[in-house]
Every structure is written in structure tokens, then in C-alpha cells.
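The sequence shown runs contiguously to residue 172 in my numbering.
The hints are all genuine.
Derived PhoX-like pairs (lysine-lysine); straight-line CA-CA distance at most 25 Å:
no.	residue 1	residue 2
1	K46	K150
2	K46	K152
3	K43	K150
4	K152	K43
Just the calculated beta-carbon pair ranges, DEER-fashion:
no.	residue 1	residue 2	range
5	T82	I34	49 to 57 Å
6	E63	V113	16 to 24 Å
7	N157	C81	21 to 29 Å
8	C81	N102	16 to 24 Å
9	G103	I34	36 to 44 Å
Read the hints as simulated data drawn from the structure, not as lab findings. Since we're looking at a predicted model, the values are computed, not measured. Cβ coordinates follow ideal geometry from the N, Cα and C atoms, glycine included.
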Amino acid sequence: MFNYLNIKNSEKGFTLLEALVATLIFSIIAVIITGILSQSLKIQKRASLALRIQENAMTILEAMAREIRVSDITNQNSSCTATSLTMVHPTEGTITYSLNNGALRRTVGSLVNDISSSDIEFSTLLFCIKGSNLGDNIQTRVTIISSLKNKSSTSNQIDIQTTVTSRVITN
Numbered sequence: 002m003f004n005y006l007n008i009k010n011s012e013k014g015f016t017l018l019e020a021l022v023a024t025l026i027f028s029i030i031a032v033i034i035t036g037i038l039s040q041s042l043k044i045q046k047r048a049s050l051a052l053r054i055q056e057n058a059m060t061i062l063e064a065m066a067r068e069i070r071v072s073d074i075t076n077q078n079s080s081c082t083a084t085s086l087t088m089v090h091p092t093e094g095t096i097t098y099s100l101n102n103g104a105l106r107r108t109v110g111s112l113v114n115d116i117s118s119s120d121i122e123f124s125t126l127l128f129c130i131k132g133s134n135l136g137d138n139i140q141t142r143v144t145i146i147s148s149l150k151n152k153s154s155t156s157n158q159i160d161i162q163t164t165v166t167s168r169v170i171t172n
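With these hints in hand, go ahead and build the complete structure from the sequences.
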């Protein structure tokens, strides 16, 4: 008589249940790793865009600061509502910085140039100008307040502010 209860299987291998559990665990680990990789790529792209915006802004602000330092600022607005800055540069003449449809515009005489990158958008550009009145014997200080973002994505906005003192004293 056959004893079905005491049959010993001498074949080595995995049971169906063991194979399913192993496949499930492998699938879960693969999904987690894919999610982590995807998220890290998004973070890296966002950081790269923020860095490009910041580099562009710093280059523009440094160029503006160099011109402000040696120029005579012609307008006065200490309430930080000026949307343009006009100055008389010793070699280039009258220079005006203003915002035009998200681009920073530099006007020298009749020559107009957008100096910001085409993929960067200025959402705010304000100037606080103190000490440019004649006879106040105060060095002119210009505070530039700007907000920038990338046109092609919904990345966060970067706010940058700097103050530059003109070397020209108005008497």
C-alpha cells in the first residue's frame, strides 16, 4: 500500500510560493530604486536650472555695478519704486536700464540691447536710489532688487538684491 503522507521529494528546487515571494520582493525593490533615481534626476535638473539663473543674474548685476560705480546717477527714488535707472557714464554717455517683457534692457543713446539670457525672465526689477540730488554731498547708493525665473519651467523664483555705491559725489 502506498503511503501518500510520508512521501519525501528528493528533487531540489523552489516551490511555486517561494518563486512568487522572491519575484514580489525583487519587483518592490526595483520600483523603489526606479522612484529614487527618477526623483534624483528631477532634483538635479531643478538645481541646474537654479544655478543657471543665478549665474546669469550675477553676471548681469556685476556688469551693472561696474557701470554704476563710475557713473553719475540722474534720477532719485528712495522709495524703491523706480523701474528704470538712468546714469551718465564717463565714456559711453547716457545709459538706461529697464525691464521690457521680462528681459533686462540696456539703452545707450539710441542703441538698445536685451542683456539677459533668452531663457531667463525678470519678473521684478526695482531700483532704490539715494543721494543723487545735487548739493546733498552724499555718495549715491543704488539698491537693485530683482526676481528671476526660468521661462521654460515652473522652477522656483530667485530673488536677488545688491547695493552699489557710486564713486561720483554730486555737489
